[in-house]
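Chains A and B supply the protein sequences, listed in that same order. For the first sequence, the residue numbers in this note's numbering are 1 to 133. For the second sequence, the residue numbers in this note's numbering are 1 to 474.
Hints may be right or wrong, so weigh each one.
[As the list claims (entries may be wrong)] From chain B, some residues computed to sit far from chain A (all C-beta separations above 10 Å):
#1 D40
#2 P105
#3 R157
#4 G222
#5 K249
#6 D252
#7 I260
#8 D264
#9 R265
#10 G353
#11 A415
#12 E416
#13 R418
[As the list claims (entries may be wrong)] Derived list of chain A stretches under chain B, where covered just means 3 residues or more per stretch with a C-beta under 8 Å from a C-beta of chain B:
#14 68 to 78
#15 109 to 120
#16 123 to 131
It should be emphasised that the hints constitute simulated quantities derived from the structure, not laboratory data. All C-beta atoms, glycine included, are put in the ideal place defined by N, C-alpha and C.
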Amino acid sequence: MAYRWGEHVGELELAVEAETEEAAFGDAVRAFGELLADEDGAPGEPRHYALAVTGSDRAALLAALLDELIFLAETEGFVPQALDELRVGDGSLEATVSGHEGEPPHLVKAVTHHRLRFDPAPGGFTATVVLDV
Amino acid sequence: MNVRRIGEVEWELAPAGRDDMRVPARVFADEELLEAVRSDDSLEQLCNVATLPGIVTAALAMPDIHSGYGFPVGAVAATELPDGVVSPGGVGYDINCGVRLLALPLTARELGKRKEALVHEIARRVPTGTGRGGGLELDDAAFDAVLAEGPRGLIGRGIGTPEDIERTESQGRLDDADPARVSARARTRGAGQLGSLGSGNHFLELQRVGRILDAEAAAAFGLAEDQVTVLIHSGSRGLGHQVCTDFVKRMDAALARHGITLPDRQLSCAPASSAEGRDYLRAMSAAANFAWANRHVMAHTIREAIAGVLGAETADATRQVYDVAHNVAKREHHSGRDVLVHRKGATRAFPPGHPELPEAYRESGQPVFIPGSMGTASWVLAGRPGSMEHSFGTVCHGAGRRLSRTRARKQIGGAELRRQLEDAGITVRGASNKGLAEEAPFAYKAVERVVEVVERAGLAARVAELRPIGVVKG
């Protein structure tokens, strides 16, 4: 399991490599947790959110899940840490994400569909998501 | 990729092995800018735009083109109505990001040492930063009125003047707007943000008029040498971002049903006549109206700051020169066809005599504002007939980013940059040192060259240079 952030002119790119689909979604959530972590201050109260999104394929579902996290960070001050539960169906995804209250920096404005991918690869799956920052 | 010269500063792309382009792709640039453009993937993105169903004439790029999401930034695409597509990515996330110019009734010499106090007061009054509220709080009905009517719905509250509305592109209202098509999530993100600047490359700049190159047009715009101006660069904040997100997703899910295949999912689109297309145009128009209202409220707040520092008479005599959008799709008529013109990082620039221009600007052509990077000059242009002949009445929008934020931060510290700007006579307020470094002037292309190209192409003519004397950053 691994993820890495790449920065290009005016955008951030998240690339994930994982052995399973579930791990790929989990890594993406952990990566967002790193990105949205408070720069200062101790973590606030623990929080859990049950999320449900739709999308035409795995890549669209990943974008929709991360979009939920952006909205919760901006409106609820939620800093995600882990993907606790995940059910991925055909065109839908349900997840429980745990984390804590905080003051996440609002540097991510949107999850784009630019170069959006979620594909089988040798040894598992790879996914790429570009963020508008 | 083969590039063929078709005009003094116009080039046509001939990519090898692509048979999916419905129209050519063309770029306005000189040799040096073209070489710079070829260093990223923006030309490939422009060729992708040329595949969109219903696109007519050509996928066009302005000289400030750079890589974007799906569409490159600096792109123009017109699709024929009623069934050509509309693409949310062709408008961009910050729907109706744009620029408003205010002209004060005094010179920089007359302003003198009060400049520091004025910049400080503007920074104190205008909310800045991503995601923060601090803007005008409205109840649901008033919020809906802004989405439907734009800034004209605020005049009754004593915010702005009817002349401000007259001197705004489309009088600050797109008629397709339907607040009911704006999602609850978009409303939540936009709540409390009306009248706030945002972050990133958004800014308020106190300027003085430098060189004047077209005295007649400058007089029509009410600009004189050394006059103090304020440039407002902002958009539709979180509301616009969410509208774009909502419809990229919805159209992505409907591509197969419409029989559309795309080289990049961010180009997701739907026929303008389809349910998805109509709903997007209604929501996008509401977000555009919100953006005009946002800049309108900021202009009002700036007038209050001017009143506080320079007196009520000066504030009352502060005029709006114009307000232009540079991320929007609009129904227009070109060369005998009804088209939907997508401008993503591109500015409308109608020529003299165009019926959509305010009476005061019918002879001069439409005012266009091209912001430079922080610390460098911005430009006032006027639309010219060539824009209608070559670019669907469009010119560039700005300098265009050259370096990533991290690379900019590695090259200079915020404190050092602040000192350099202050040494150059530019008062800086409101930005963290980190945010300031990310927006360093060298992180952007030189705007002068971009402006020269659109002038050589006959799209617009230079009217006046605006030199920064104070900056408020988000």
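For each hint, the structure was consulted:
no.: 1; hint: D40; result: violated (7 Å)
no.: 2; hint: P105; result: holds (37 Å)
no.: 3; hint: R157; result: holds (26 Å)
no.: 4; hint: G222; result: holds (34 Å)
no.: 5; hint: K249; result: violated (7 Å)
no.: 6; hint: D252; result: violated (6 Å)
no.: 7; hint: I260; result: holds (13 Å)
no.: 8; hint: D264; result: violated (6 Å)
no.: 9; hint: R265; result: violated (4 Å)
no.: 10; hint: G353; result: holds (37 Å)
no.: 11; hint: A415; result: holds (18 Å)
no.: 12; hint: E416; result: holds (21 Å)
no.: 13; hint: R418; result: holds (20 Å)
no.: 14; hint: 68 to 78; result: holds (count 3)
no.: 15; hint: 109 to 120; result: holds (count 8)
no.: 16; hint: 123 to 131; result: violated (count 1)
This entry does not satisfy hints 1, 5, 6, 8, 9 and 16, going by the numbered hints stated previously.
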